[in-house]
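Participant: Next come the chains, spelled out residue by residue.
There are 2 protein chains.
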Amino acid sequence: MNTSDRLIESTQELLWERGYVGTSPRAIQQRAGVGQGSMYHHFQGKPDLAAAALRRSGEQMRALAEQQLGGPGTAYQRIENYLQREREVLRGCRIGRMAQDPDVVADVELRAPVQETFDWLTGRLAEVIEDGRRAGELRPGAPAVELAQALVAVLQGGYVLARSAESEEPFHQAVRGALALLKSQLA
Amino acid sequence: MNTSDRLIESTQELLWERGYVGTSPRAIQQRAGVGQGSMYHHFQGKPDLAAAALRRSGEQMRALAEQQLGGPGTAYQRIENYLQREREVLRGCRIGRMAQDPDVVADVELRAPVQETFDWLTGRLAEVIEDGRRAGELRPGAPAVELAQALVAVLQGGYVLARSAESEEPFHQAVRGALALLKSQLA
Chain A
1 MNTSDRLIES
11 TQELLWERGY
21 VGTSPRAIQQ
31 RAGVGQGSMY
41 HHFQGKPDLA
51 AAALRRSGEQ
61 MRALAEQQLG
71 GPGTAYQRIE
81 NYLQREREVL
91 RGCRIGRMAQ
101 DPDVVADVEL
111 RAPVQETFDW
121 LTGRLAEVIE
131 DGRRAGELRP
141 GAPAVELAQA
151 LVAVLQGGYV
161 LARSAESEEP
171 FHQAVRGALA
181 LLKSQLA
Chain B
1 MNTSDRLIES
11 TQELLWERGY
21 VGTSPRAIQQ
31 RAGVGQGSMY
41 HHFQGKPDLA
51 AAALRRSGEQ
61 MRALAEQQLG
71 GPGTAYQRIE
81 NYLQREREVL
91 RGCRIGRMAQ
101 DPDVVADVEL
111 RAPVQETFDW
121 LTGRLAEVIE
131 DGRRAGELRP
141 GAPAVELAQA
151 LVAVLQGGYV
161 LARSAESEEP
171 FHQAVRGALA
181 LLKSQLA
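Chains A and B supply the protein sequences, listed in that same order.
The first sequence maps to residues 1 to 187 in UniProt numbering.
The second sequence maps to residues 1 to 187 in UniProt numbering.
Chain A on its own, in the form it takes in the complex (with noise of 0.2 Å):
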């Protein structure tokens, strides 16, 4: 892996596990093992490597749910297997635990990646939805985006949940919740 590499990757582990104003440059620096010459060399400094990692984990987090979503099966098929696909739960959505993070919802270059990696999740799901009820698998009803923002808020609160209570448990409690109500959308 060459310099540059080794940063964004050293940087997507610290900002999962700290949190933006938790992570130093000195910090990446260490766990890169790169020294501060060189890592200045290729990021102007901490906010340009930052949003560098948050995009790499946005393109992994959408190859990721693509995997279940655009794979076999039916639409509901589709969406059960991502919901229930296997996570890391405890450690949280590395996405979606930087919308806590003042400092980077305050800077448009780091929030748009948080924001552009839920936009086309939402977007994904709704397509998936609109495929079911077009194949008169899902009924017609409320908009499909709707259901696809509640879909993507139940994983995002399942990882406050779980976090709170350092168990997996109400996760997996919520996303079985969801997908009952999901079920009774069944034509």
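Be careful, since some hints might not be right.
Pairs involving identical chains hold if they fit within one copy or between any two copies, as the list cannot separate such chains.
Distance condition first, Cα-Cα at most 20 Å in a straight line; then the derived SDA-like pairs of lysine to any residue [what the hints assert, rightly or not]:
1) Lys183 <-> Gly73
2) Lys183 <-> Gln77
3) Lys183 <-> Ala63
4) Lys183 <-> Arg91
5) Lys183 <-> Arg139
Keep in mind that the hints were calculated from the coordinates and are not lab data.
Every value quoted in this text rests on a predicted model; they were computed, and no experiment measured them.
Given chain A's structure and the hints, the job is docking chain B onto it.
Facilitator: Leaving out everything else, chain B in the frame of chain A:
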């Protein structure tokens, strides 16, 4: 307001805005207009004061929720009133945001009021769902606690999506989506 209450209220505000790691004892003293000696007369330190602030925020959140969940109306209406009541969406949830803070999650005294608040809220929503089922208003189906966790997660995740977008709209969309799904449970 006495000194102890001023310190607790200032800590509640700072934790909401900046999180635990972003809140210094000095900032608390400044906002409360209280000297360092006086703060350490009333509280052992930042962890002790933060735990008191989170307990009070939890009590206030429960009292607000009870206005709708224990109010008039059918089970569905009480839940709808609760999910749609006025909120400062872009500020996020002062309880849920703490779950992203690694120092809060790692400290049992700080995590306890967060977990207890969500346990109470999930239990109370499950009671309302059970009320509705006993009254023949809601159909039997998935365990009430799973539906309740999904609803709490929609709110918590809705805050995440709204802050990511710097717009209240994703929160309101997620709530409308969840209510549309819940409505399909009406008998």
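Participant: Against the structure shown, which of the earlier numbered hints fail to hold, in ascending order?
Facilitator: 3, 4
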